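Going down the list, the protein sequences come from chains A and B.
Here the first sequence is numbered in the numbering used here, starting from 1 and rising by one per residue.
Here the second sequence is numbered in the numbering used here, starting from 145 and rising by one per residue.
Be careful, since some hints might not be right.
[As the list claims (entries may be wrong)] In silico contact screen, one side only, chain A against chain B (beta carbon under 8 angstroms); selected entries:
#1 V68
#2 H74
#3 V78
#4 P79
Because the hints were derived from the structure by calculation, they are not lab data.
This structure is a prediction, so every number in the text was calculated from the model and none was measured.
Backbone N, C-alpha and C fix where the C-beta goes; we use that ideal spot for every residue, glycine too.
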Amino acid sequence: MSMVPKHLNPGVCESDHYGRILKYDHNGRSFGLHLSKRPVGVRQVSMLSELKIGQTAVLVALELPESVQNHLMHMGFVPDALVTALRRAPAGDPTVFAIDGMEIALRHETAEAIRIRPATPDDLNPHFDPSLHTESAELLEVVR
Amino acid sequence: MNACCETPAFVPPAPRPSSGPLKTVALIGPPNSGKSTLFNRLTGLRQKVANYPGVTVEQRMGVMAGVGRDDLTLIDLPGIYSLTPYSEDARVSIDVLKGKMPGTPKPDAVILVLDSLHLTRQLMLAAPVLEVGLPTLVLLNMTDLMEQRGGHIDSLKLARELGAPVAQISATHGTGIDAVPLFLHQQTNRNAPTPLALPVMGNAASTHSWAAQVSRKTGYQAPLSVEGTRKIDNILLHPIWGPLLFLVVVVGVFEVVFSIGQPLSDGFGDILARMGEFVRPLLPAGWLQSLVLDGAWKGISSVLVFLPQILLLFLFIGVLEDTGYLARAALIADRVMRTTGLNGKAFIPLLSAYACAVPAIMATRTIENKRDRMATILVTPFMTCSARLPVYMLLIAAFIPNIMYLHGFLGLRTIVMLGLYLAGFIGAMTTAWLLKSSILKSSETPFILELPQYRMPTLRSLGMRLMDRANVFLRQAGTVILSVTLALWVLAHLPVVHVGGNAYAAPELADSVIGRLGHFIEPAIAPLGFNWKIGIGLLSSVLAREVMVSTMGTLYGADPATQAMHLQTALHHDMTLGGALALMIFFAFAMQCTSTMAVVRRETNSWKWPAIQFLYMLFLAWGAAFVVNHAVMAIFG
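Please construct the entire structure, taking both the sequences and the accompanying hints into account.
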């Protein structure tokens with residue numbers, strides 16, 4: 001058992017190297033109970049760096065050091081926020097993302113540490129408000 | 145306090161209280177909220193800039209003369225997103241707000257500026273600021289733009305929600321600023337601030353959901369994002385046109401700074417020299433005249449001549465920054481800059497350093513990451529600044545034959561000049577790489593770049609920026625440069641020689657203290673192919689590189705302007721080709737510039753960094769010159 005890397009061991013609630021409890025393992029599978037309330041199906045949790053240009057996704061969590069996470073959250077990178085990949089810089093990196101009415105460029109290495117899920121029609125509803133979303137409080141717990 | 149640019153005071157309609165409990169006001173706001181513009185408007189340029197003790201954060205204070213309250217001090221806090229003490233800027237802000245910053249009075253009231261175009265996000269700063277408990281006025285900036293673009297906010301509801309007065313303003317156009325004197329007047333006449341009942345804020349996510357709730361309750365409607373910006377970016381960030389236009393901009397800035405700035409600087413230098421000559425008959429002949437004119441005035445003018453070029457460069461940087469292109473340039477340059485460990489924001493400072501390292505180091509303020517900023521500051525003096533040109537030109541003209549290659553398209557002299565530029569560039573990049581992979585390694589602070597919307601720059605803000613930079617530069621010239629110049633003059637005029645009777649005269653340069661120093665260091669520079677005269681030149685050029693030319697001129701008894709040929713011939717007889725090339729390489733690498741050292745000390749707030757930088761560059765320059773001298777001697781014999 002000790003030969004199996006921890007991140008390949010599903011079903012066990014694990015924490016990242018900053019001590020925060022994650023509700024998704026590193027393959028994107030979730031193990032939180034609250035997620036069973038969501039539509040049944042394969043949940044695709046991927047990284048922001050994988051988002052194709054023109055696509056929109058919902059931000060799930062930031063797996064970055066506390067200070068960076070704090071900085072990004074104050075720039076609008078909060079859980080449940082809609083994020084769109086706008087364009088790549090002429091050299092292919094960094095990528096410009098539209099979030100919270102702003103355009104912010106991140107390098108691949110940073111975007112790689114930001115988890116996203118595909119946006120549902122519910123998310124794309126213009127009256128959608130993160131603070132009203134029932135599950136946002138639970139997601140806040142994840143971040144906390 | 146700087147009183148040179150006083151503006152006529154605006155008379156407030158309300159009766160002016162002579163004194164009250166209110167003395168100090170703090171201005172706080174997130175980056176890009178228009179805080180600086182508002183600060184300039186409120187103080188009317190009567191401000192002073194310094195550093196907070198022990199940190200590299202800039203302290204900006206002024207009297208609120210812009211709203212007719214020159215009895216009040218306004219403290220401009222650094223632009224921050226939150227009061228979470230992760231960054232030095234936030235820690236300084238907390239200390240100032242709580243009155244724990246030594247030397248800074250505790251503010252009695254706070255003015256919070258928020259950009260109404262992104263209010264939800266900006267409100268995240270309101271929570272911790274209101275929590276401090278000081279009487280606070282919330283100013284929603286750029287409301288004119290917000291309404292133009294279909295946004296809306298009910299400021300009365302927001303005031304109720306925040307428990308603080310809210311006013312809509314436009315700092316750029318000056319509308320709604322009346323709210324500030326009104327608020328100050330109320331605070332002067334009322335002692336007890338109303339207690340606030342705010343939810344206890346935990347982390348950034350909960351603050352964000354609070355901010356989102358507040359903006360929803362107060363009917364905030366974010367303005368539609370402007371399609372224009374994205375359309376412009378489709379061209380300016382195009383995979384092919386983007387980099388091409390970027391190059392055009394870079395070459396254009398260069399071209400203008402050199403083709404227009406150089407004659408301006410030369411003309412200004414002539415005027416300064418004539419001013420000196422005009423004063424000469426007014427002073428009694430003798431040591432005082434020599435001290436004032438040949439010592440102080442000459443030294444100050446040698447720095448002042450760069451002012452037109454520096455202002456021109458800052459005008460360009462200002463236009464690029466205010467329009468929003470600077471952020472795009474950083475985005476395009478990032479991929480190249482990161483190979484050395486720096487980021488895209490270092491590009492513009494390094495580019496400016498081709499004119500002068502002093503404004504370049506001042507321009508590194510746009511780099512938020514302290515370690516990246518430090519690395520950029522440390523490599524900047526390697527870039528070939530315009531003060532190296534006179535030295536290069538003199539030595540190239542004296543030692544490099546005018547041979548043309550490729551049917552006259554490329555001369556040997558041009559190749560040598562380009563080689564020197566390249567040497568400086570390689571020195572900078574290698575040093576950056578060394579620093580970023582050792583002492584200034586910063587993996588935990590990633591590159592986060594906000595791309596603002598394109599805007600038309602205003603003359604007012606460009607003017608303010610130029611005044612501010614000129615002010616910093618002149619103060620530099622007025623203090624450090626003046627003292628070093630005087631010290632050099634004294635060293636060149638001591639010990640005095642008794643010429644009979646009561647008459648004393650300055651010694652021959654070779655017999656002066658500095659001349660003896662030249663002889664003293666000769667053993668250290670002889671392996672580079674330099675004699676003691678070059679040694680004196682090197683010592684005096686620590687003041688500024690171009691001083692080398694005038695020192696050599698004095699030493700060889702020739703004026704550099706009128707008898708340039710004479711000096712070239714003299715040098716030719718005194719130096720080998722190896723020594724001349726070694727001297728050029730020495731100038732490419734050595735940090736022979738007091739202004740740069742002074743500005744590095746100012747920006748890093750310690751003598752440690754300029755000292756390390758000076759020794760490192762000296763070591764590198766000596767090594768490179770040694771190699772060049774011996775290699776050239778081995779080849780050409």
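Results for each hint:
1. V68: 6 angstroms, holds
2. H74: 4 angstroms, holds
3. V78: At 4 angstroms from the nearest chain B Cβ, V78/A passes the 8 angstroms test, so the hint holds.
4. P79: At about 6 angstroms, which falls below the 8 angstroms cut-off, the nearest Cβ of chain B leaves the hint on P79/A intact, so it holds.
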